[in-house]
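Asker: Chain by chain, the residues:
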Amino acid sequence: MRGRPSGVLLAGVALAELALATVVVWLTLESARDEPRLIGATLGPFIALSFLGVGLYAWRRRPEQPVGLLMIAISVTWSLSGLSIADDDLLATLGAYLSPLAVVLVLQLLVVFPDRPIEPAARRLLALGYATVLGLRLPYFLLEADFYDGQCASGCPQSAFLVSEQPGIAEAFLLASLIAGLVAVGGIALLLRRRERAEPQAVRYAVGPVQTAGAVLIGGLIGDFGLQLVELETLSALSGLVALLGLAALPWAFVVGLARSHRTNAAAVARLVQDLGATPDGGVRDRVAQALGDPTVQLAYWRDPPGGFVTREGTPVQLGHVPAGRCVTLVEHDGRRIGALVHDAALEDQEGLVRAVAGAAGLAMANEALDAALRARVDELEQSRARLLEVSLFERRRIERNLHDGAQQRLVGLALQLSLAREQLDRDPARAAEQLDAAREQLAQGLEELRELARGIHPAILTDRGLEPALRSLAERAPTEVALTGVPDERLPEPVEAAVYFVVAEALTNVERYAGADHATVQVQRENGHALVEVRDDGVGGADPAAGTGLRGLADRLQALDGRLDVESPPGSGTTVRARIPCASS
Amino acid sequence: MRARRVLIVDDHPAVRTMARLLLEDCGYAVAGEAEDVAGALEAIGRLRPDVVLLDIQLPDGDAFDVLGALGPRARPDVVLVSSRDRADYGPRIETCGARGFIAKAELSGAALAEVLA
Chain Y
1 MRGRPSGVLL AGVALAELAL ATVVVWLTLE SARDEPRLIG ATLGPFIALS FLGVGLYAWR
61 RRPEQPVGLL MIAISVTWSL SGLSIADDDL LATLGAYLSP LAVVLVLQLL VVFPDRPIEP
121 AARRLLALGY ATVLGLRLPY FLLEADFYDG QCASGCPQSA FLVSEQPGIA EAFLLASLIA
181 GLVAVGGIAL LLRRRERAEP QAVRYAVGPV QTAGAVLIGG LIGDFGLQLV ELETLSALSG
241 LVALLGLAAL PWAFVVGLAR SHRTNAAAVA RLVQDLGATP DGGVRDRVAQ ALGDPTVQLA
301 YWRDPPGGFV TREGTPVQLG HVPAGRCVTL VEHDGRRIGA LVHDAALEDQ EGLVRAVAGA
361 AGLAMANEAL DAALRARVDE LEQSRARLLE VSLFERRRIE RNLHDGAQQR LVGLALQLSL
421 AREQLDRDPA RAAEQLDAAR EQLAQGLEEL RELARGIHPA ILTDRGLEPA LRSLAERAPT
481 EVALTGVPDE RLPEPVEAAV YFVVAEALTN VERYAGADHA TVQVQRENGH ALVEVRDDGV
541 GGADPAAGTG LRGLADRLQA LDGRLDVESP PGSGTTVRAR IPCASS
Chain C
1001 MRARRVLIVD DHPAVRTMAR LLLEDCGYAV AGEAEDVAGA LEAIGRLRPD VVLLDIQLPD
1061 GDAFDVLGAL GPRARPDVVL VSSRDRADYG PRIETCGARG FIAKAELSGA ALAEVLA
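Line by line, the protein sequences give chains Y and C.
Numbering follows the working numbering, with no gaps: position 385 of the first sequence is 385.
Numbering follows the working numbering, with no gaps: position 24 of the second sequence is 1024.
Keep in mind the hints are simulated off the structure, nothing from the lab.
The C-beta atom is built at its ideal place from N, Cα and C for all residues, glycine as well.
Take these hints with a grain of salt, some might be off.
To be verified - Taking beta-carbon pairs under 7 Å as the criterion, some of the chain Y residues facing chain C (in silico):
(1) Q408
(2) Q409
(3) V412
(4) G413
(5) A415
(6) L416
(7) S419
(8) L420
(9) E423
Claimed, not checked - Simulated restraints, written as ranges between beta carbons of each label pair:
(10) C:D1085 - Y:H458: 24 to 30 Å
(11) Y:D562 - C:C1096: 51 to 57 Å
(12) Y:F394 - C:L1047: 38 to 44 Å
(13) Y:H519 - C:D1025: 53 to 59 Å
(14) C:D1085 - Y:R398: 19 to 25 Å
One chain only, chain Y, in its complex shape (with noise of 0.2 Å):
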């Protein structure tokens, strides 16, 4: 029963219901009994017909909401219950014995309204509820003649269900349900008033007049089912009769706190249209929460490129998993994406206002919006700045290291070589010659060590001949095949060239370390003002970009650059690095 109802089956049930309402009026104006008739042939159907009308609205309203079936389920049982004035034994019994099915409906109401899912505390106690009144109440039908116990002084009817007169148990019966009934109503009374609390100020507001008429309702009720405990029959009397004003008061609360809901959101959005004209600085936000009447609520920009949201202070947040009992509400101004309100989702029932309040807001929210790109943007260039750093001493490390450990010791072994020589020259000539040999390997070693190093630091290659020189003798001194294609022949700005150049050295030496590919392919084209280099293996894959200093190095370098570098890498599947770098620069 989810979708919208049609007109016809509303017609049909408010047919049915009014029918059966008229049954009941009727019944009451006939009655052989000597009560007073003038309550049951007036607040009776009043209640019904409340409760019929509200409960129709709110079902074409809300279809996916349990209230308005709830509502109608309440006239119907309700009428029903009218049933027990009738002369007839079985209309008067069944009647008598569905009255207090009205009740644990209410209480259903009251637990699910606005629309929430009803919590397992709130479950066992409604099960306890039903269970009261359709079965623990039952013996006392089947064991009592005269159910009404003296409450009514001629022409009383008999119990329909009687099987065997045992009035002791059925009292028994009786005072049991009493009890359970008044556990049932108390402990949802309790738990009603500790969710009343925790809601947002505009749900309290329009929830309000059904909460009060509720609350008139429940206390009734549990005056008298306790006054009835102690067997005080007229104030029970009474306490029953404030239970029935709540009743008979709570659909047309619903109505109050319907129009309540559209005059103070109205209002609300007026004022937040005014207020956020004048806003300071970063007061977004507390605007929106004042219109929502919910203090939590928190705003998220959308930062395009590259696409996400932030927080003001420019932090990336996650909107994809928000916490149960929040909800998330899209900022839109001119078309465009500005950010989003993450509220309490009590304010789900709200959307109209949640949804102005959002429309009202997209403005102020688009300035703040660019601040806080603009922060995320300061933050990384900060944190790519200190990597950059981080990079560069490292760099400085391994070249002090790489001398120390090549060139430094070549030139020392060198010396001591010289010296041995010197020291053999008279004694043993042919020994000195053979040093002098050897020095002078040491020597070819050594310098070859030193343009190793040299071509780390910065390529004369490229300096001088350019980009496709400079990758063809990198590719050439690669153990693996690598194809080369599409350089461009013009020379590019300086810094990009050298990007460009790193980016292919350091994957190659990816592949050659990790891949194990027998082919790699490197290709650079310029586009749309960018240079978009690729290299791609055959190889195992599974390369984490993030556990290595190389790639991370490389990554902060072209940031730098403003480009951004891609590693794809299923295990099995090969490697693919991308990296794209605007020219613009020079």
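For chain Y, the structure is supplied; the task is to place chain C on it using the hints.
Answerer: Frame of chain Y, contents of chain C only:
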């Protein structure tokens, strides 16, 4: 006079070989070689050399670790060598208990004799 027995400690095999040849040429007896702190301590205990030619930078520590572990008593003469500059180590060279310092490229029997004199 018997030749003084020298232990050469350096992590580069080429340098050890060269040092051995240079020292032997000048009449020293090379008792053995070691390539790290642990090896040096073991060899000193086992070979009881008169002189230890000790490279400062070693893979598992440095020469000062070796001197610290030896303690002040019954210690061979320790001569530090390094391919770095003496100034890189500051005053530790003087205070660590070593007899002296020789830049690695200037190593020779004569240089050693001068330090030990």
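Asker: Report the numbers of all earlier hints that the structure fails to satisfy, in ascending order.
Answerer: Those not satisfied: there are none.
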